[in-house]
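According to mature numbering (1 follows the signal peptide of the UniProt record, and there is no 0), the stretch in the sequence shown is residues -20 to -1, 1 to 383, in order.
Take the hints with a grain of salt, since some may be wrong.
Each computed EDC-like pair below joins lysine to aspartate or glutamate, with the alpha-carbon atoms no more than 16 Å apart [said to hold, decoys possible]:
{"no.": "1", "residue 1": "K172", "residue 2": "D61"}
{"no.": "2", "residue 1": "K172", "residue 2": "D132"}
{"no.": "3", "residue 1": "K235", "residue 2": "D290"}
{"no.": "4", "residue 1": "K235", "residue 2": "E141"}
{"no.": "5", "residue 1": "K166", "residue 2": "E141"}
{"no.": "6", "residue 1": "K172", "residue 2": "D23"}
{"no.": "7", "residue 1": "K369", "residue 2": "E96"}
{"no.": "8", "residue 1": "K235", "residue 2": "D139"}
{"no.": "9", "residue 1": "K172", "residue 2": "D304"}
Everything labelled a hint here was simulated from the structure, so no lab data went into it.
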Amino acid sequence: MRRHLAAIGAFLALTAPAVASAPASASASAPVQRSATALPPLDPALLRAAISGLPNATVTGALVNVAGPAGQWSGTSGVRDVVTRRTVQGDGNFRVGSISKVFTAVVLLQLAAEDELDLDQSVQHYLPDLLPASYPAITVRQLLNHTSGLPDGDLGEGDAEWFADHRFQSWTPRQIVANAVSHPMKFAPGTKQDYNGTNYYVAGLLVERLTGRTYAHEVRRRVIEPLNLRNTYVLDRHDPRLPGPHAHGYVAVAKDGTTTLRDVSEQSPYPWAEGGLISDSADLRTFITAIFQGRLVPASELNEMFTVPDVPYLGTDNCVIGPDAGRACYSAGLMRTTMPNGLTAWGKTGSRPGYTSGLFATRDLGRVLVYSLNPTGNKDGSESPYIQKIAAAVLDPDLATGN
């Protein structure tokens, strides 16, 4: 659950503490905040340079989509298949990894708005049979903003060769949680923040307990169908397909002095509510726009997605740059990143072997960024320089030009 944090750290490595912003109204139901820092002009040359030189040993393909009234750009680089050398498609589908958590948070916040859920009630109240009796009470809000103190698990973890050989293996959410909670709590709930996938396996189980229906059903009913997301999928853990046009994902397996690319495009989506969804850039752009405009989560609960708890951040994988280094940077479902020029974006990164992606937007939707890379490093963060260049080109061009 931990190794995909390298991609998140790469994005946050460019950041500084958040700046104050002034409110403005985008709709009657959803006040938005206009950035205190003006959006920089969009420079296509910087964006092309950010993903140039592909394919190579680190990344085989990339797509970037920038939208919003302040400028638009779409581009691809590399190949979608190292055998045929076909070029990457800008409208291709990809595994979104932990961007799935945003979908999960939206569903739970909708349930809170419907009075089916109290964010301040304990997880143990709703799921009395899930966590060890020795664990302290953990609120639903603490799950969503990663202040629960729950431990990590290690199911599904292994090197590139192990993953390539076991990519169809899967576990149920309860098996994942049981593995994690066989370890002691990391800290008292609410006292620190630690980004941890265990929280969102529990959150998915909570969706199912409250609704009496599957997590996949609820995401389709509450998000995919209302927004007409044609290329967003929540597949069963035994269904390894990556439907529709897509770039292949690979991991580099080194053995006996030879490195071989193993195709892992097909793999179990067992990460589920934590990281198992599939989507494309157009659907993700529609999704984050609907969130920010208040069309998915009512204003009373939407504030949870833009509220970062004032607690220390545990560890050195995220939230470590600037005067606020070591303080929390995650809200319910999203993370806040502020560039050195003062521009703040909200969104989420995600990673599965063969796929690394990001979804970010300024609060006023003046700039929306979606990217997907096909790294070969089995979630080791080796693609970080590309993520940093993309973020700089879109949000703070001075970083890219050295000005």
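Results of checking the hints against the structure:
no. : hint          : in the structure
1   : K172 <-> D61  : violated (43 Å)
2   : K172 <-> D132 : holds (15 Å)
3   : K235 <-> D290 : violated (46 Å)
4   : K235 <-> E141 : holds (9 Å)
5   : K166 <-> E141 : violated (30 Å)
6   : K172 <-> D23  : violated (39 Å)
7   : K369 <-> E96  : violated (43 Å)
8   : K235 <-> D139 : holds (12 Å)
9   : K172 <-> D304 : holds (14 Å)
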